[in-house]
Amino acid sequence: MTNALTPNLLTPQDLDPRWQWEGRLPAWGHTSVDFEKRVDHDRLRRYRLSRTREALKASDCGTLLLFDVNNIRYVSATKIGEWERDKMCRFCLLTGDDAPYVWDFGSAAMHHKKYSDWLVPDHCRAGVVGMRGTIPPSFGLMKKYAEEIAGLIRDAGMIDMPVGVDYAETAMFYALKEAGLNVVDGQQIMLGAREIKNWDEIQLLTQAASMVDGVYHMIYEELKPGVRENDIVALSNKMLYEMGSDDVEAINAISGERCNPHPHNFTDRLFRPGDQAFFDILQSYQGYRTCYYRTFNIGTSTPVQRDAYVKCRDWLDAAIQAIKPGVGTDQVAKLWPKAEEFGFPDELSAFGLQFGHGLGLALHERPIISRAVSLDNPMEIKTGMVFALETYCPAADGYSAARIEEEVVVTDTGCEVISLFPAAELPIANRY
1 MTNALTPNLL TPQDLDPRWQ WEGRLPAWGH TSVDFEKRVD HDRLRRYRLS
51 RTREALKASD CGTLLLFDVN NIRYVSATKI GEWERDKMCR FCLLTGDDAP
101 YVWDFGSAAM HHKKYSDWLV PDHCRAGVVG MRGTIPPSFG LMKKYAEEIA
151 GLIRDAGMID MPVGVDYAET AMFYALKEAG LNVVDGQQIM LGAREIKNWD
201 EIQLLTQAAS MVDGVYHMIY EELKPGVREN DIVALSNKML YEMGSDDVEA
251 INAISGERCN PHPHNFTDRL FRPGDQAFFD ILQSYQGYRT CYYRTFNIGT
301 STPVQRDAYV KCRDWLDAAI QAIKPGVGTD QVAKLWPKAE EFGFPDELSA
351 FGLQFGHGLG LALHERPIIS RAVSLDNPME IKTGMVFALE TYCPAADGYS
401 AARIEEEVVV TDTGCEVISL FPAAELPIAN RY
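Quick note on numbering: the sequence shown equals residues 1 to 432 in the UniProt record's numbering.
A couple of the hints might just be wrong.
Here are the computed lysine to aspartate or glutamate pairs in the EDC-like style, where the Cα-Cα straight-line distance is at most 20 angstroms [to be verified]:
1) K177 to D155
2) K177 to E148
3) K311 to E347
4) K338 to D376
5) K79 to D246
6) K382 to D412
7) K382 to D16
8) K79 to D122
9) K57 to D14
10) K334 to D317
Worth flagging that the hints you see were computed from the coordinates, not collected in a lab.
Here the structure is a predicted model, which is why all the values come from computation and not from measurement.
Given the sequences, and given the hints that come with them, work out the whole structure.
Structure follows, in structure tokens:
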């Protein structure tokens, strides 16, 4: 139990992110070795719980009750199969000075007791609530666990303080209220904890990005007439899982006349000579996500396609050059064109096209950078943030478009790009 995530074993030093900004950010091999210091998982777990405790103490809450699997993993370092991501069947409690409690899916709780020695064994409990309503509230599980949770909060001396909940089924909110708990929004507390990455998180994000570097080289070689969008999606999934991805969340593959407006999907469309095509690869390595677009042309390109790419690149480069600690997200968003300037009626209609978003255990973390959000609600960019910046420019032909995205780590003086497949100029795959 020497690694247990218990308050008496956490120290102020566990909050130290251990950054090493000198030189280039390394992308270590994915295994553990005795001759290089790579990801320190004990340090990672202790940092994440310490960040959460500090965020909780700085809030008005005395307790966090978590159903979001990203938050559960951040606090307890537990994870089961990706199938559970949208089921709301697992939950985690952090109350007062107690070590985390985890209620997990049946035998998974027994597995944690045996293999997750950083957890207090008695805090690993079997439990399930509604599974999106398939277990009806009338069965009584929500009432049972709401009362159990309230009892633990009472024992910790936190019963008179609000309980921050990230999200839950509607019936669970009612059960918690009936158990006497004052439920408030806990997601903002967790996002505040998660926004600053330590050295180990940055390493995992860099390793994840390096996997996508390789996938884009494969895509560059495979793009040609006779290949379909879904063929590229299949090949990318295969390659990512072979490299060790634990979740290929989605791959966008958009080509030809489907490029404008951006549909955010893929189909069985065949690539054709002269197509502009762009891709986004969303996957995770040890939970840490990528969001990484690249645009290609197939065989040849036209002047208007190249012009769209240059504009898209210029908008992105302007944002990257502006990133440094202390800059407001509104300052970055102002560098991007207004929605009306690239063919959209308003900023919400263009939301996500000129965009920035934090990366971590979730695809979208702090900060969010968008003209729709950031101009009136700016956030400060801080050292240790990791986020993606993405731009989009329709071509003058009315159907082509360019889409580029870079992942950046905010250092002490600026930022470093960790998405390295070349994108300074429009790549032409299988040039004629």
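Each hint tested on the structure:
With a C-alpha separation of about 18 angstroms, the suggested pair K177 and D155 falls inside the 20 angstroms cut-off, and the hint holds. The hinted pair formed by K177 and E148 meets the criterion: a straight-line CA distance of about 13 angstroms does not exceed 20 angstroms. The hinted pair formed by K311 and E347 meets the criterion: a straight-line CA distance of about 19 angstroms does not exceed 20 angstroms. Distance check on the hinted pair: K338 and D376 sit about 15 angstroms apart at the alpha-carbon level, within 20 angstroms; holds.
Restraint check: the Cα-Cα separation between K79 and D246 comes to about 11 angstroms, which is no more than 20 angstroms; the hinted pair holds. Of the pairs offered as hints, the one joining K382 and D412 holds, with about 9 angstroms between alpha carbons and a cut-off of 20 angstroms not exceeded. Proximity of K382 to D16 is assessed by CA-CA distance (about 15 angstroms); at most 20 angstroms being required, the pair is judged to hold. For the hint pairing K79 with D122, the CA-to-CA distance comes to about 18 angstroms; that is within 20 angstroms, so the pair holds.
Restraint check: the Cα-Cα separation between K57 and D14 comes to about 16 angstroms, which is no more than 20 angstroms; the hinted pair holds. The suggested pairing of K334 with D317 holds, with an alpha-carbon distance near 13 angstroms, which does not exceed 20 angstroms.
Violation of the numbered hints given earlier is absent; every hint is satisfied by the structure.
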